[in-house]
Amino acid sequence: MSLLAWLHDTAFSEMMRDSTWAEPIVETIHVLTLTVFLGFVLLLDLRLLDLAMPRRRISVLFEQLNPGLFGGFAVMVVTGVLLFSADPIAFYSTLFFKLKMIMLLLAGLNVLVFNFTLGRRLADWDLDPRTPWGAKAAGIVSLVLWVGIVAAGRGIAYALPPP
Amino acid sequence: MRWLAAELLAFCRWCNGSFFGHGIRDSVWLFPFVEIFHLLALGLLGGTVVILNLSLLGFRFRGEPVAAVARDVRPWMIGSIVVMLVSGFLLFSTEAVKMYGSPAFQLKMLFLLLAILFTFTVHRKVTMLEEGHIAPLWRKLAAVVCIALWAAVALGGRAIGYVNSSGAS
Chain A
17 MSLLAWLHDT AFSEMMRDST WAEPIVETIH VLTLTVFLGF VLLLDLRLLD
67 LAMPRRRISV LFEQLNPGLF GGFAVMVVTG VLLFSADPIA FYSTLFFKLK
117 MIMLLLAGLN VLVFNFTLGR RLADWDLDPR TPWGAKAAGI VSLVLWVGIV
167 AAGRGIAYAL PPP
Chain B
110 MRWLAAELLA FCRWCNGSFF GHGIRDSVWL FPFVEIFHLL ALGLLGGTVV
160 ILNLSLLGFR FRGEPVAAVA RDVRPWMIGS IVVMLVSGFL LFSTEAVKMY
210 GSPAFQLKML FLLLAILFTF TVHRKVTMLE EGHIAPLWRK LAAVVCIALW
260 AAVALGGRAI GYVNSSGAS
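Keeping their order, the protein sequence lines are chains A and B.
The letter at position 18 of the first sequence is residue 34 when you use this note's numbering, and the numbering goes up by one with no holes.
The letter at position 88 of the second sequence is residue 197 when you use this note's numbering, and the numbering goes up by one with no holes.
Derived from the structure by calculation, the hints contain no laboratory data.
One or more hints might be untrue.
Below are the SDA-like pairs computed for lysine to any residue, each with C-alpha atoms no more than 25 Å apart in a straight line [said to hold, decoys possible]:
#1 B:Lys249 - A:Asn82
#2 A:Lys114 - B:Phe201
#3 B:Lys207 - A:Asn82
#4 A:Lys152 - B:Leu219
#5 A:Lys152 - B:Pro184
#6 A:Lys114 - A:Asp66
#7 A:Lys152 - B:Gly188
#8 B:Lys207 - A:Leu99
#9 A:Lys152 - B:Lys207
#10 A:Lys152 - A:Trp37
#11 B:Lys207 - B:Leu219
#12 B:Lys207 - B:His131
#13 A:Lys114 - B:Lys249
Which residues of chain B face chain A? A few of them, derived with a C-beta cut under 10 Å, are [stated by the list, open to error]:
#14 Asn125
#15 Val159
#16 Val206
For each residue, glycine too, the CB sits at the ideal point set by N, CA and C.
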């Protein structure tokens, strides 16, 4: 909590709070980056489920979409931290914020597990007409978590006291 | 034009008073619930638009026919547009009369119309044509216009939240 109080009292946090333009601009970037980040994530999950672009090789898709995915994620994290820093104590006090952070961790864990298991042996099943059940499980877990993360993100906006 | 404005206003009044306009407005959780669908579809629509246009610009999926990429993403693009239109209409219906007078909303609708028209006429044609049938410059221009139009729609949507600063933006 003392860390949150310290962040709250920094000049930067004050600027984010008091500036008319800082918050709308950062929030707009956060929301618009959903198109390259969330959009790519959802499409890759749907591919793992054999629903989207079924004829396209998963290794090629990863290779083509990864730069946008990682770049988009970096922008989401930076803008997210900026929004958080405007009022860290209020953010942290909401249940939705905690839920969102937990689900983000779980989504990251899901990517790690996939990369160290099926992702390692992509070449073995890349050309199969159907993805293995493990890949489908990873896709479903990711879809559920990201729907939850978007919902929790919206929840934060409603739970926070209006500025 | 005057009769059209009157008809539109009457339609907005009807939306405001309709069971869904009423229901969503009076419920605590229905508005954010519909918003979640709007945001998820935004991600998917944006993702497909970006992928298709990066391919048209030659930045991604090089050496693969753009028409194949277009065929792959089209069902998801159309599906997410449908979800956006339905969820967007429901959100609109909760304060339709207010939206009628909102410059941000009017601009968003104008760009939405242009974006849909362009995407499913000129842009569709350009993506389906084989390379060499059309100058690279026109292909790149079509990609840039498509991205710009959809970005304008998204920015208009953001502006609605800030221009009418009621509740969460």
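Of the hints given before, which are not true for this structure?
2, 3, 4, 6, 8, 9, 10, 13, 14, 16
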